[in-house]
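Peer 1: Please construct the entire structure, taking both the sequences and the accompanying hints into account.
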Amino acid sequence: MSASLQRGINVLKEVIDAPVASFFNSCVHCGLCAEACLFYLETGDPKYTPIHKLEPLRRVYEQEYTLIGKLMRGLGLAKPVSDAELEEWQPLVYDSCTMCGRCSLVCPVGNDIVYMVRKLREGMSVSGHAPEGIRGAVKRTVEIGSPMGVKWPAVQAVIKHQQAETGFEIPIDQAGVEYLVLLSSMEIMNYPEYLGALAKIFKKAGLTWTLSSTAFEATNAGIQIGTSDIARVIVKRIVDSAEQLGVKKVISPECGHAYMAIRWEGPNLIGRPYKFEVIHVLELLDELRKKGVLKMKDSFDEPLIVHDPCQIVRRGGVLDAPEPLINTVATHYIPIVDKQKMNWCCGGGGGTSAIHTEEAEALRVKAFRIKKRQIEEAGVSTVVTFCANCRIVIEEGFDHYEMNTQLLGLTELLAEHLEDEPEGVAS
Amino acid sequence: MTELQLLTWARGTGLNIALSIFVLGVIWRLVEIYGLGRKQDLAPARHRDGASGWNTILRRSLAPPGLFKRSPITYIGGYVFHLGLAIVVFLFAPHIKLIQGLVGLSWPGLPSQLIDLVTVVTLAALLVVLWDRIVKPVKRYLSNFEDWITWLVTFLPVLTGYLAVKHLFLPYTTLLALHILSAELLLVVLPFTKLFHAFTSFGSRWYNGAINGHRGVPT
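Protein sequences appear in the order of chains F and H. Under our numbering, the first residue of the first sequence carries the number 9, and numbering increases by one thereafter. Under our numbering, the first residue of the second sequence carries the number 14, and numbering increases by one thereafter.
Hint data in this document are derived by calculation from the structure and do not stem from the laboratory. Any given hint might turn out to be false.
As the list claims (entries may be wrong) - Straight-line Cα separation of at most 27 angstroms, DSSO-like style, residue types lysine-lysine; simulated pairs:
| # | chain 1 | residue 1 | chain 2 | residue 2 |
| --- | --- | --- | --- | --- |
| 1 | F | K283 | F | K211 |
| 2 | F | K374 | H | K149 |
| 3 | H | K149 | F | K55 |
| 4 | F | K374 | H | K82 |
Stated by the list, open to error - FRET-style restraints, in silico, Cβ to Cβ:
| # | chain 1 | residue 1 | chain 2 | residue 2 | range |
| --- | --- | --- | --- | --- | --- |
| 5 | H | R51 | F | H169 | 36 to 42 angstroms |
| 6 | F | G136 | H | G117 | 55 to 61 angstroms |
| 7 | F | A370 | H | V116 | 58 to 64 angstroms |
| 8 | H | L165 | F | G136 | 41 to 47 angstroms |
Glycine included, every Cβ here is placed at the ideal spot set by N, Cα and C.
Peer 2: As structure tokens, then:
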């Protein structure tokens, strides 16, 4: 057994807990999880059945933590997990799983399958079986500070440009303000208007805020690849900066895994609760809406549907904010059948969008057909969402299928139609 | 060994062995599984009504939106044979007598004609889910030796019980002995196979509801 494989197996042994044991013992091979997986539905290939993706973890569990498994192993009747097998499983654990968690909502015996995928990725990454694309993103996050290689000067350029564009100030490293705003690289690179939109909204609401030059990136590639040690380093940057600046709240951006990382996994990674609160930007906006601060000067009148990002909604629990916010600005919002926590993934979450092998890209495009159908069935040419990664993936899908559909970020959409005159309402 | 001796053994020693393995096996497996424990979640919880372990234990018995249509046989077959098994095991008068002899508790049973009907329906449902497992690509792909054998040890006690009550094919004594032996086989394998979901699915649903409920998501 190679040293890296041994380390991987050891990590898997460490992450196996009572829920994992309960889940594996409950599975009756009914196959219903496949019916919730976009990769199975769009390919029809049974190997994409979610519970099957966990086979290496199940075997480690059985061989290490059950009496019968240990006996079988002792008698040489159990097949140990090998490097070759983990390599074979890489496309199942990464390319074809976006950790969207839809399967966890349907399993009749209650298995939280995505909970286990997250754990299996710990062993996969440590043993060297994570895909090259995500490994690169992790390396860049650790060495440069962001998965796309964005450095602070690039952020500064965006700040300058957005200040000039909107006429609103974007504060940097200001201690004692109420909110620390985080960004995702994808926003910095592709959707810088998000920052301008926030500046406008904060100004209008009369709230104090800042960006941090040492912790602007919220995306956590460590969580996507499945390495808690790295995820911890990335979360720690934000925690240190937020606690140094003494902010009351940290705002997670329109990025799914960033929210999962900073809001839900973060305190567990660093081993203690934060000294600040983490909220998603939509939760802040919804609070402002309830206070009557989000007054619109006009409305968006095209028919539209919403794409609910998995990590923010289904897995993150931001269930109630999106629809009222949409209805604040849009006059023709069309609720789709599988929405909110039952929504279908864009196909590129969980770090999958960083995998650029031919096979993974072909699979992603296939999986996107489910989103395409949702859009076509609703008969709209506008989709609104609130995750920068979803936006990239969906736009790739639009390009591939040559769809004449526009995709909008919710925060920007709200900012665009927000009343211009600042009122300075205090919180 | 005559048929009567076999029946006597099955009712006495056999039953004791099977029940002992079952009870000890269940306790052992529950400790083995739940003794692993889990780490406390340090992220501050988001509270939402209906998002909890207990809620998921109850609610997961119903098909989530869209799923029934995608796999009707799994749901209908599943409901029918699970309910059917519960009815024939716990509401057939001779079974209640047996349980009363073992633990002292008893309750009213159902008329035997009704039990007959439920048994036939249960057998049919078990055959349908077996057929489904053979023809559905996902189910066939997931299936291993354990899936077929657990199906068989579930099916046999129901079948032999029905044949014994109806006095079909073999002498009553033989059929009753076979019925009891097959039920004992079921008891023996239950803690060590996927049939143990009879116990763990409650724990699994609770964990699922609690883990996601911590984030305010009702599952």
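Peer 1: Run every hint past the structure and note whether it holds.
Peer 2: Each hint, compared with the structure:
| no. | hint | verdict |
| --- | --- | --- |
| 1 | F:K283 / F:K211 | 25 angstroms, holds |
| 2 | F:K374 / H:K149 | 22 angstroms, holds |
| 3 | H:K149 / F:K55 | 13 angstroms, holds |
| 4 | F:K374 / H:K82 | 23 angstroms, holds |
| 5 | H:R51 / F:H169: 36 to 42 angstroms | 47 angstroms, violated |
| 6 | F:G136 / H:G117: 55 to 61 angstroms | 60 angstroms, holds |
| 7 | F:A370 / H:V116: 58 to 64 angstroms | 60 angstroms, holds |
| 8 | H:L165 / F:G136: 41 to 47 angstroms | 42 angstroms, holds |
Comparing the model with each earlier hint shows a violation of hint 5 alone; every other hint is respected.
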